[in-house]
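Next come the chains, spelled out residue by residue.
Protein chains: 2
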Amino acid sequence: MVLRTDKKLPRATADLVAREANVSRVAVSRAFNPNASLKQEKRELILQVARELNYTPDMAARALVTKRSHLVAMIVPDVCSPWESQEIDALTTALQAEGFATLLFKAKSDFSMDPMLLTYMRGFNPDSVIAFTENIEPDILTGFLDRAVPIYVIYDDAEPFGGMTTSSLFDRLFVQQKEGIEQAVALLKGYGVNRVAYLSGKQQSLANTERQRMITQVLAAHGLAAPVIVPGDFTYDTAYRATLDLFRVGNGADAVFASNDVGAFGVIDALRHDLQLSVPGDVKVIGFDDIPQSNWKSYNLTTVRIDLEDRVRALVRLILRRLKAPDSAPLVETLTTRLVVRGTVG
Amino acid sequence: MVLRTDKKLPRATADLVAREANVSRVAVSRAFNPNASLKQEKRELILQVARELNYTPDMAARALVTKRSHLVAMIVPDVCSPWESQEIDALTTALQAEGFATLLFKAKSDFSMDPMLLTYMRGFNPDSVIAFTENIEPDILTGFLDRAVPIYVIYDDAEPFGGMTTSSLFDRLFVQQKEGIEQAVALLKGYGVNRVAYLSGKQQSLANTERQRMITQVLAAHGLAAPVIVPGDFTYDTAYRATLDLFRVGNGADAVFASNDVGAFGVIDALRHDLQLSVPGDVKVIGFDDIPQSNWKSYNLTTVRIDLEDRVRALVRLILRRLKAPDSAPLVETLTTRLVVRGTVG
Chain A
1 MVLRTDKKLP RATADLVARE ANVSRVAVSR AFNPNASLKQ EKRELILQVA RELNYTPDMA
61 ARALVTKRSH LVAMIVPDVC SPWESQEIDA LTTALQAEGF ATLLFKAKSD FSMDPMLLTY
121 MRGFNPDSVI AFTENIEPDI LTGFLDRAVP IYVIYDDAEP FGGMTTSSLF DRLFVQQKEG
181 IEQAVALLKG YGVNRVAYLS GKQQSLANTE RQRMITQVLA AHGLAAPVIV PGDFTYDTAY
241 RATLDLFRVG NGADAVFASN DVGAFGVIDA LRHDLQLSVP GDVKVIGFDD IPQSNWKSYN
301 LTTVRIDLED RVRALVRLIL RRLKAPDSAP LVETLTTRLV VRGTVG
Chain B
1 MVLRTDKKLP RATADLVARE ANVSRVAVSR AFNPNASLKQ EKRELILQVA RELNYTPDMA
61 ARALVTKRSH LVAMIVPDVC SPWESQEIDA LTTALQAEGF ATLLFKAKSD FSMDPMLLTY
121 MRGFNPDSVI AFTENIEPDI LTGFLDRAVP IYVIYDDAEP FGGMTTSSLF DRLFVQQKEG
181 IEQAVALLKG YGVNRVAYLS GKQQSLANTE RQRMITQVLA AHGLAAPVIV PGDFTYDTAY
241 RATLDLFRVG NGADAVFASN DVGAFGVIDA LRHDLQLSVP GDVKVIGFDD IPQSNWKSYN
301 LTTVRIDLED RVRALVRLIL RRLKAPDSAP LVETLTTRLV VRGTVG
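Chains as they are written, first to last, in my numbering: chain A, 1 to 346; chain B, 1 to 346.
Bound conformation, chain A alone:
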């Protein structure tokens, strides 16, 4: 049997570390905060002494004093797509470099939030929360937060504040979809496409609603008819079945614009493997996101790109700016989109 090792030293205090390293108590605090400025060699000396003395700042005790938990909460849908998994991953890496850990809170399948979870979230006292209006409205969320100012990701080009009327303070990451969608529609028009279908995402998703609205608007501006709406839910399987229906029961389309890349893969596979149609010869397909799989040879998907690294950097900037200025007016960052041309249109 293996027993617990008893070799551990008892935890030292910060005062002892300060004394042994011959620095101030404040310098010890700073050494453990990657955001605090401190000479590199001084930081290394303090961390070295701390290791030798077995000193670690206790985040729980520290949170009570500093009112900083070093936790960032992120509200995500109950089932994550590759895009969301990758965003969580990239955000965690970026936050870790700034001394924060990521806490995930998952919404229910109807996109609503369990109040018990929100109570938990409040209990963890996060320094920031990243949220979507379809999961929880700012007015409700801020009621569950003590001092964190939430960040909302808003897909919208027309309404500067997402059309929301609210008295709550929250920061905004705007994702402007228009530019990429305009490039996509121009490309389709250049290839003589007339009948466009839009494979939707989940109805509760505002990203989906805004994508559909913007595509319809841009098609009209180019003198093209409104798209046939094919109901999807961002998954491959639903996209596959919906495409069979569109071409076997419905009237088909010259091009399918999918609400995300994973849906576009389902469309392509249904066209090629079941309907024996050629992509892009018979039908053109465009996705949305530009996940790494879009570059895989079996799909080689033309898609509207949201740059994940840019998105994560913008979120981290919003978090750090807000922590430096807790009472400032709403902060805003803006992302644009662009078309990545590959092999499914042409």
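One or more of the hints may lead you astray.
If chains are identical, the list can't say which one is meant, so a pair holds when it fits in one copy or spans any two.
Said to hold, decoys possible - DSS-like cross-link-like pairs, simulated, lysine-lysine; straight-line CA separation at most 25 angstroms:
| # | residue 1 | residue 2 |
| --- | --- | --- |
| 1 | K324 | K67 |
| 2 | K178 | K42 |
| 3 | K42 | K324 |
| 4 | K108 | K42 |
| 5 | K39 | K324 |
| 6 | K324 | K297 |
| 7 | K67 | K178 |
| 8 | K189 | K67 |
| 9 | K108 | K39 |
| 10 | K178 | K189 |
| 11 | K108 | K324 |
Just so you know, the hints here were simulated from the structure itself, not pulled from any lab data.
Based on the hints, put chain B in the right spot on chain A.
Frame of chain A, contents of chain B only:
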């Protein structure tokens, strides 16, 4: 300008909630702990009163008293594959249902852990840590933990304790790869395959080392030659290029066994789109993991399945069992693998 709302009530105390709900102080604590037994209607009443009075238990204050942080740390590689992203996702969902939040800590690209991160981990005082020996050895990790007993995921069939000599207490999730690999080799042999190549994963990954060892062993047991080792790193792009090398510079193979599904997709695409070879006609391909993409029509991959839901359930069981018995001897859960037969062998 939007101003911060001032409508929030000050936080109430647990004592006030107990008085108003006419229950004991202990019942209030239990109501906020999904693991504590409490009649459903009593729990709902207390949560209702707590909402009305704006009471939330503060996790930081609570952690100091109860020594429970309700946080589970997970150590993952610096860049997550679809498999790991999905595991993080599923584990977070399962832990959330038990009242825990997941904290991610990412190892460096050489698989080592930043000591600063470990110091942070200790500061958050997690109730449990899920780790891999290639990222950090149990003896080092336990030195950074106060009371959490880590869980190690161990891919191994021969050595009952992964061959590690250690005096540290840790729990084990064993993944037995042998059964699924035996089924895969039998299938390949049945189709008359002679020359097998193994597309490796990252060299630092023990999952990779154990897969290679087990495949070599099983091939020998079936009277087949040791596999040609093709260096990979679990990514699509490297798998694609390595496959071109294997067939253009090297002597090719009758079958390629990839260390993960994503690598298998790269192999298939290189064979079909660049080398103009048919899968499974000219070359058979087998993957490892069974991620959802393996079922997509473009790949339709035969693969050795590790059941993600089973894996997550086993991890949650280990966490809960350990919290109930902090001093018990090492706890063990075991997962097996099985072959999922689809279209890339036959």
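Taking the hints in turn, this is what the structure says about them:
Taking the shortest alpha-carbon separations for K324 and K67, only the intra-copy value of 13 angstroms comes in at or below 25 angstroms, while the best inter-copy value is 31 angstroms. For the homomeric pair K178 and K42, neither the shortest alpha-carbon distance inside one copy (49 angstroms) nor that between copies (51 angstroms) is at most 25 angstroms. Only within a single protomer do K42 and K324 lie at most 25 angstroms apart by alpha-carbon distance; the minimum there is 24 angstroms, versus 43 angstroms between protomers. Taking the shortest Cα distances, K108 and K42 sit within 25 angstroms of each other only across copies (24 angstroms), while inside one copy they are farther apart (47 angstroms).
For the identical chains of this complex, K39 and K324 are intra-copy neighbours only, at 21 angstroms inside a copy versus 45 angstroms across copies, given an alpha-carbon limit of 25 angstroms. Taking the shortest Cα distances, K324 and K297 never come within 25 angstroms of each other, neither inside one copy (46 angstroms) nor across copies (50 angstroms). With identical chains, the CA atoms of K67 and K178 are never at most 25 angstroms apart, being 40 angstroms at best within one copy and 51 angstroms at best between copies. For the homomeric pair K189 and K67, neither the shortest alpha-carbon distance inside one copy (56 angstroms) nor that between copies (63 angstroms) is at most 25 angstroms.
For a Cα distance limit of 25 angstroms, the shortest separation of K108 from K39 across copies, 24 angstroms, qualifies, whereas the shortest one inside one copy, 46 angstroms, does not. Within a single copy, K178 and K189 get their C-alpha atoms as close as 16 angstroms, which meets the 25 angstroms cut-off; across copies the closest is 55 angstroms, which misses it. In this homomeric assembly, K108 and K324 never come within 25 angstroms of each other (Cα to Cα): the closest approach is 33 angstroms inside a single copy and 29 angstroms across copies.
In summary, the numbered hints that this structure violates are 2, 6, 7, 8, 11.
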